[in-house]
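Chemist: As a plain string of letters, each chain reads:
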Amino acid sequence: MEYYAGIDIGSTMTKAVILAEEIVASVIGPTGPEHRRLANKVMEEALRRAGLALESITYIISTGYGRINVPFADKQVTEISCHARGVGSLFPQARTVIDIGGQDSKAITIDANGRPTNFIMNDKCAAGSGRFIEVIADSLGVKLEEMGDISLRSTHPAKISNICTIWAQQEVAARLAEGVPVPDLVAGIHEALADRVARMAKRLKVEKEVVLTGGGAKNKGLLKALSEQLGCEILVPPEPLITGALGAALLGKDIVQKALKSGKRPETKKRTLEEAKLH
Amino acid sequence: MAEEQKKRKKRKTATKAAASIGPMVKESITSTIRAREEGKQKIAYTFIVCQHDEILRAMDIVPVWTENYSGICGAKRDAERFLQRAESLGFSRSLCTYALCGLGFDQWREELGEMPPDAPWGGQVRPDFMISSGQILCDPRSKWYQAAQQFMPDVPIYNIDLPYPLFDPKRDHREVWGYYHRYIVKELRGLVSFLEEQTGKKMDYDRLRELVDLGDRTWNLIHETYELRRAVPCPMGTGDAMNTMVPMCFMMGTQEAYDFYLDLNKELKEKIARGEGEVEEEKYRLLWGGGLPAWYALNDFNYFNSKGASFPAETTYRMVVPLYEMDIPETNDPIEHLAWRWLGYWTFWYEKARKRPGSEPDVERLIQYIEDYKIDGVVMHEAFSCRTWHVGLIWQLHQLAKIYKPIPVLVLGKEGKKEKKQRELPSLVLESDIIDITSYSEVDTRNKIDAFIETLESLRRARAA
Numbered sequence: 078m079e080y081y082a083g084i085d086i087g088s089t090m091t092k093a094v095i096l097a098e099e100i101v102a103s104v105i106g107p108t109g110p111e112h113r114r115l116a117n118k119v120m121e122e123a124l125r126r127a128g129l130a131l132e133s134i135t136y137i138i139s140t141g142y143g144r145i146n147v148p149f150a151d152k153q154v155t156e157i158s159c160h161a162r163g164v165g166s167l168f169p170q171a172r173t174v175i176d177i178g179g180q181d182s183k184a185i186t187i188d189a190n191g192r193p194t195n196f197i198m199n200d201k202c203a204a205g206s207g208r209f210i211e212v213i214a215d216s217l218g219v220k221l222e223e224m225g226d227i228s229l230r231s232t233h234p235a236k237i238s239n240i241c242t243i244w245a246q247q248e249v250a251a252r253l254a255e256g257v258p259v260p261d262l263v264a265g266i267h268e269a270l271a272d273r274v275a276r277m278a279k280r281l282k283v284e285k286e287v288v289l290t291g292g293g294a295k296n297k298g299l300l301k302a303l304s305e306q307l308g309c310e311i312l313v314p315p316e317p318l319i320t321g322a323l324g325a326a327l328l329g330k331d332i333v334q335k336a337l338k339s340g341k342r343p344e345t346k347k348r349t350l351e352e353a354k355l356h
Numbered sequence: 011m012a013e014e015q016k017k018r019k020k021r022k023t024a025t026k027a028a029a030s031i032g033p034m035v036k037e038s039i040t041s042t043i044r045a046r047e048e049g050k051q052k053i054a055y056t057f058i059v060c061q062h063d064e065i066l067r068a069m070d071i072v073p074v075w076t077e078n079y080s081g082i083c084g085a086k087r088d089a090e091r092f093l094q095r096a097e098s099l100g101f102s103r104s105l106c107t108y109a110l111c112g113l114g115f116d117q118w119r120e121e122l123g124e125m126p127p128d129a130p131w132g133g134q135v136r137p138d139f140m141i142s143s144g145q146i147l148c149d150p151r152s153k154w155y156q157a158a159q160q161f162m163p164d165v166p167i168y169n170i171d172l173p174y175p176l177f178d179p180k181r182d183h184r185e186v187w188g189y190y191h192r193y194i195v196k197e198l199r200g201l202v203s204f205l206e207e208q209t210g211k212k213m214d215y216d217r218l219r220e221l222v223d224l225g226d227r228t229w230n231l232i233h234e235t236y237e238l239r240r241a242v243p244c245p246m247g248t249g250d251a252m253n254t255m256v257p258m259c260f261m262m263g264t265q266e267a268y269d270f271y272l273d274l275n276k277e278l279k280e281k282i283a284r285g286e287g288e289v290e291e292e293k294y295r296l297l298w299g300g301g302l303p304a305w306y307a308l309n310d311f312n313y314f315n316s317k318g319a320s321f322p323a324e325t326t327y328r329m330v331v332p333l334y335e336m337d338i339p340e341t342n343d344p345i346e347h348l349a350w351r352w353l354g355y356w357t358f359w360y361e362k363a364r365k366r367p368g369s370e371p372d373v374e375r376l377i378q379y380i381e382d383y384k385i386d387g388v389v390m391h392e393a394f395s396c397r398t399w400h401v402g403l404i405w406q407l408h409q410l411a412k413i414y415k416p417i418p419v420l421v422l423g424k425e426g427k428k429e430k431k432q433r434e435l436p437s438l439v440l441e442s443d444i445i446d447i448t449s450y451s452e453v454d455t456r457n458k459i460d461a462f463i464e465t466l467e468s469l470r471r472a473r474a475a
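If you read the sequences in order, they're chains S and R. So the first sequence is residues 78 to 356, counted in my numbering. So the second sequence is residues 11 to 475, counted in my numbering.
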């Protein structure tokens with residue numbers, strides 16, 4: 078049996094997937110400030126869950142913004158290609174992927190083979206990422222994971238500026254003082270983020286089916302708001318955080334299978350779970 | 011700052027011509043300082059692409075291209091202190107950062123009565139007068155010098171207005187361009203009178219005619235030289251073109267500019283004969299489809315190159331079209347000719363755009379370059395402080411997407427036979443600014459470039475399969 082691993086070191090969460098014919102193990106954990114020391118630990122945990130030794134992994138691909146800090150990865154691939162491949166495998170009919178992560182968001186158009194055909198990223202401003210909701214949740218003293226459900230209780234979503242997270246935070250405080258109910262404020266925040274993400278995505282041609290991934294996909298309120306903004310239903314993978322790592326593992330599988338077809342085995346790194354060197 | 015500059019790797023150029031530009035620009039700045047000290051020639055602040063280069067040269071005026079100096083501050087990563095100074099004077103950071111940098115610099119110089127400390131390349135000299143240019147292209151071109159007059163109230167401004175008919179798919183622009191021509195001629199003649207008054211000299215029209223002729227020949231030579239970049243592999247990319255634009259934009263109407271392009275033309279032909287490309291193994295041919303570059307991050311072009319990507323063409327700073335392809339009336343009057351050349355340039359793609367329903371001249375230009383230069387993908391740069399270039403880029407990409415679709419389409423191939431072709435064209439929009447480095451992240455930019463290259467590669471493989 079051949080096994081493939083994908084490690085996605087995102088700005089907020091680190092994810093690992095081990096794959097054979099299907100996913101045999103996955104791990105999700107916070108990235109934290111010292112992600113350079115983390116990749117090997119995440120891999121160890123994934124191997125433990127899969128009941129495998131590192132040597133049994135045929136190919137490893139790292140992705141995400143911390144991908145260069147995975148010394149045992151055989152190849153580094155950007156999250157654009159990995160999300161496209163991961164979503165393409167789960168939803169062959171998908172043509173647009175929107176990923177809302179902790180510190181950025183991105184939209185990718187993909188073809189029937191899960192190949193990216195175009196993309197756009199917002200990495201300039203927290204107001205276009207999951208951080209926007211995190212900051213407001215903190216201000217309101219609400220748990221992040223409850224934000225989505227609270228927003229669904231709104232009857233009159235408040236209008237909140239999406240230009241800047243800090244301004245939005247001040248605006249929420251002011252509106253709270255005016256007596257605006259919390260669900261309306263939370264719904265307003267979700268609409269503001271959805272508006273910003275939708276505007277980014279529309280810079281590409283958004284085609285159905287649309288799939289939402291990343292932490293943002295776990296938020297029902299955001300899903301609803303984004304669906305309204307884009308005017309279509311949005312599909313969500315069973316575990317939207319791991320599509321990048323899954324895509325990385327699948328791309329590794331593609332590389333191995335292509336090499337085997339030509340009678341070779343792909344070059345791989347020495348299988349030791351070392352930490353990234355700190356410069 | 012000095013430490014950071016030392017650490018930064020110098021951008022690698024593909025041509026000797028591009029490598030020679032740094033010293034050339036430095037000398038042009040030094041020569042303005044010399045001219046100020048000698049006091050024999052009048053010095054004018056002014057803007058590029060105003061069709062007045064030959065007029066200034068004929069009157070022996072020393073032009074100080076203020077956008078250029080701001081660009082130099084940006085490229086040397088030393089613009090921030092001037093931007094901050096302008097901001098402290100009440101100018102918003104969201105205004106054109108060329109203008110902000112220039113205003114911050116001017117205010118500082120006027121306050122000190124000498125150049126600001128460690129001014130890049132000796133600094134920007136005080137002008138005798140300022141020639142602004144209220145034109146469709148860019149609003150700071152008239153407002154910048156008005157604001158600068160706060161610090162230099164004794165320095166007069168002359169404003170030349172240079173309009174051109176806006177594109178209307180239902181109307182042939184030639185029906186109305188006579189009106190525009192008469193108006194522009196008046197504006198340029200007014201400039202000549204102003205310069206005569208300032209210098210106490212009369213315009214030598216024979217000399218002007220000669221310089222305009224030299225300018226015309228330079229336009230054609232630049233076009234022919236840049237067309238050499240159609241070669242596969244491409245001998246020179248946009249990174250180099252951001253250097254070789256200097257004689258085109260800052261030295262038009264000089265023999266030096268003409269000779270520069272003669273040398274470049276020769277160098278490119280030699281490189282093509284040797285099969286030498288901008289990159290060793292050319293995999294992707296990209297179009298710089300719009301936006302001024304981030305002057306402090308030109309090394310990003312080398313980063314593209316390191317991935318096998320070359321840039322055979324760009325719309326930015328290619329401010330010439332071949333005179334022999336312009337449909338403009340002939341005249342012996344050099345001022346009238348300059349006005350026609352202006353109108354001919356800005357309406358060059360109008361006819362083509364009218365023939366394709368829903369198109370626009372800017373889109374036609376992109377299509378022409380995509381086809382002529384065998385382009386695989388388009389890169390644009392949204393510089394937040396430059397509305398002129400910024401507005402419309404995404405719309406242009408959307409228009410392109412209607413033509414370059416992600417499905418095989420039938421096109422007329424060799425001998426008029428229909429062939430199935432995959433004509434999809436991925437695009438990358440980079441975001442930062444022309445000189446405000448605080449808007450730029452190298453890590454994020456290069457992450458986007460990596461993803462773009464992967465997209466191109468995946469398409470290349472799909473097509474091959």
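Treat each hint with caution, since some may be false.
[Unchecked claim] 25 Å max Cα-Cα, derived BS3-like pairs, lysine-lysine:
id: 1; chain 1: S; residue 1: Lys346; chain 2: R; residue 2: Lys415
id: 2; chain 1: R; residue 1: Lys412; chain 2: S; residue 2: Lys152
id: 3; chain 1: S; residue 1: Lys279; chain 2: R; residue 2: Lys317
id: 4; chain 1: R; residue 1: Lys279; chain 2: S; residue 2: Lys335
id: 5; chain 1: S; residue 1: Lys279; chain 2: S; residue 2: Lys152
id: 6; chain 1: R; residue 1: Lys317; chain 2: S; residue 2: Lys152
id: 7; chain 1: S; residue 1: Lys285; chain 2: R; residue 2: Lys412
id: 8; chain 1: R; residue 1: Lys412; chain 2: S; residue 2: Lys282
What the hints contain is simulated information worked out from the structure, not anything from laboratory work.
Chemist: Is Lys279 (chain S) close enough to Lys152 (chain S), meaning Cα to Cα at most 25 Å?
Modeler: Between Lys279 (chain S) and Lys152 (chain S) the Cα gap is close to 32 Å, so the pair fails against 25 Å, i.e. violated.
Chemist: For a C-alpha distance cap of 25 Å, please report whether Lys346 (chain S) and Lys415 (chain R) respect it.
Modeler: violated (39 Å)
Chemist: Within a Cα-Cα threshold of 25 Å, do Lys317 (chain R) and Lys152 (chain S) meet the stated pairing?
Modeler: Holds, because 15 Å separates the two Cα atoms, which is no more than 25 Å.
Chemist: Does Lys412 (chain R) lie within 25 Å of Lys285 (chain S) when you go C-alpha to C-alpha?
Modeler: holds (17 Å)
Chemist: Can you confirm whether the C-alpha distance between Lys279 (chain R) and Lys335 (chain S) stays at or below 25 Å?
Modeler: At roughly 41 Å apart (the allowed maximum being 25 Å), Lys335 (chain S) and Lys279 (chain R) break the hint.
Chemist: Check the hint pairing Lys412 (chain R) with Lys152 (chain S) against an upper bound of 25 Å on the C-alpha distance.
Modeler: Distance of about 35 Å is beyond 25 Å: violated.
Chemist: Is Lys279 (chain S) within 25 Å of Lys317 (chain R), Cα to Cα?
Modeler: violated (29 Å)
Chemist: Starting from Lys412 (chain R), check that the Cα of Lys282 (chain S) is at most 25 Å away, please.
Modeler: holds (10 Å)
Checked against the numbered hints given earlier, the structure breaks hints 1, 2, 3, 4, 5 and satisfies all the rest.
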